[in-house]
Amino acid sequence: MHGAQNLSEFSMLMCSLLLLIPLLGIWYLKLGLVKSMLISTIRMIVQLVLVGFFLEFVFQLNNWLLNSVWFLTMITVAVLSVIKNSNLRLRHFLVPVLFSFILANFFVVLYFNYFIVNLNFVLDAKYMIAIGGMVLGNSLRANIVGLGDFYKSISKDEQLYFYKLSLGASRFEALRGFAKKSFIAAMNPTIASMATMGIVSLPGMMTGQILGGSVPLVAIKYQIAIMIAILASTIISISLSIIFTVGKSFNKYGVLLKSVIADK
Amino acid sequence: MFKLEHITKQFSDQYVLQDFSFEILQGEKIIVSGRSGIGKTTLFRLLLGFEQPDDGRIYFEDQLLTETNIWDIRRRVAYVSQDLNIGRGNLQAFFNETLSLKANINHKTDSLSRLTELMSYFELPDSLLLKNIEELSGGEKQRVAIINALLLKRDIFFLDEITSALDKFLKIKVLDYFLLNPDFTVLLISHDNYVPENAQTRILKLD
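Just so you know, the sequences run in chain order A and B. Our numbering numbers the first residue of the first sequence as 1 and each following residue consecutively. Our numbering numbers the first residue of the second sequence as 1001 and each following residue consecutively.
Read the hints as simulated data drawn from the structure, not as lab findings. Here the structure is a predicted model, which means the values were calculated and not measured. Backbone N, C-alpha and C fix where the C-beta goes; we use that ideal spot for every residue, glycine too. All the given hints hold, so there is nothing to weed out.
On the chain B side, residues computed to face chain A include the following (Cβ under 8 Å):
no., residue
1, L1048
2, Q1052
3, I1070
4, R1075
5, V1077
6, N1085
7, T1098
8, K1102
9, L1152
Just need the whole structure built from these sequences, with the hints factored in.
Here's what the structure looks like:
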């Protein structure tokens, strides 16, 4: 078999019947989620259909410029989501976090494609967009936790931060403890999921490969490689995001600017 | 040492200090009093550069306090806040960390050798060093913060309600330690009525 079996219109209809179960449950339990679930489902379908057609076109053309521009678009959307969901001020964070994500994700994906997969054409659509998407999705999740927690905890524990400054700490010395805590919070889910991988869940990459016709032994090699790539891109992107934003987030007295955190 | 000239500070339309002038001389022991919310803590925060005045100037040793020299001023003053959120983890490591800061590393060995003596003066057992800060009581944390400030080997102290969780015996011990040392310049916010008999203090009443 080559490639996964296609899903017919009838299959998709059966799939939407399955949706009735959560819908009825939500309606019966009066969770008030019917509307938001329907909107999300419709959004998902529309977005995926559009992306499906678009990716068909991108994969066929396989042009390095178009591939890169699409990957950049993915990165931008991810960065917007990171800043919005970590409750930080967009105007203040957009440029530095975007810069950090471009560096971290392009570096990891190109490294992966060149040194690990040994591609001749490292900007190949299939690899760059698929691998890039997985790496990016995880950077996104980790940065929402890591970057958001970093600034929120300095703001919340302002007294502790001031106390460290009063002991004679430089800004770097005073922030070290906060950065450490945020890194742990951001990395823990990835580390925990690595430890149970394959037993508790068959990860997405493997599922995709097996359905796509790869033998399990090839699939696990890719899975190991992608997990390490995710770990690398996560730690690089959080570090760079903090390094690039810290300079402009404090005044010259070392006090966190009020304008850094978005009003609720 | 410190001189404040016509300081005005307001938080969202509310004046905390208005055209406030004051001078702190070397070796003075000043007790800051006034009802809560009057700006006592704000005064400390202004002097340490954690807040900037809306108007007026602050001088330290005749130099205008600026974003450049504030970092040196913070290395001259030992501050004990009323907030007991001083850190986490093992107590010995906490003291080590303070003394491993670049600003304090030069006297690390020297200061650590005084640790036992200070612990015993403030009635804390050595075994406490093995505990985590989170496990300490309010009164223990308060004394830990005081000891940490003394390990810095500085002679200007900003002390913000540092005896609020201590019993009478310990309050006297702590206040005697700071108010009777002729080398110390002390700015103390306190609600205690106790002042050692032979201490020369000056009251700064904010209202």
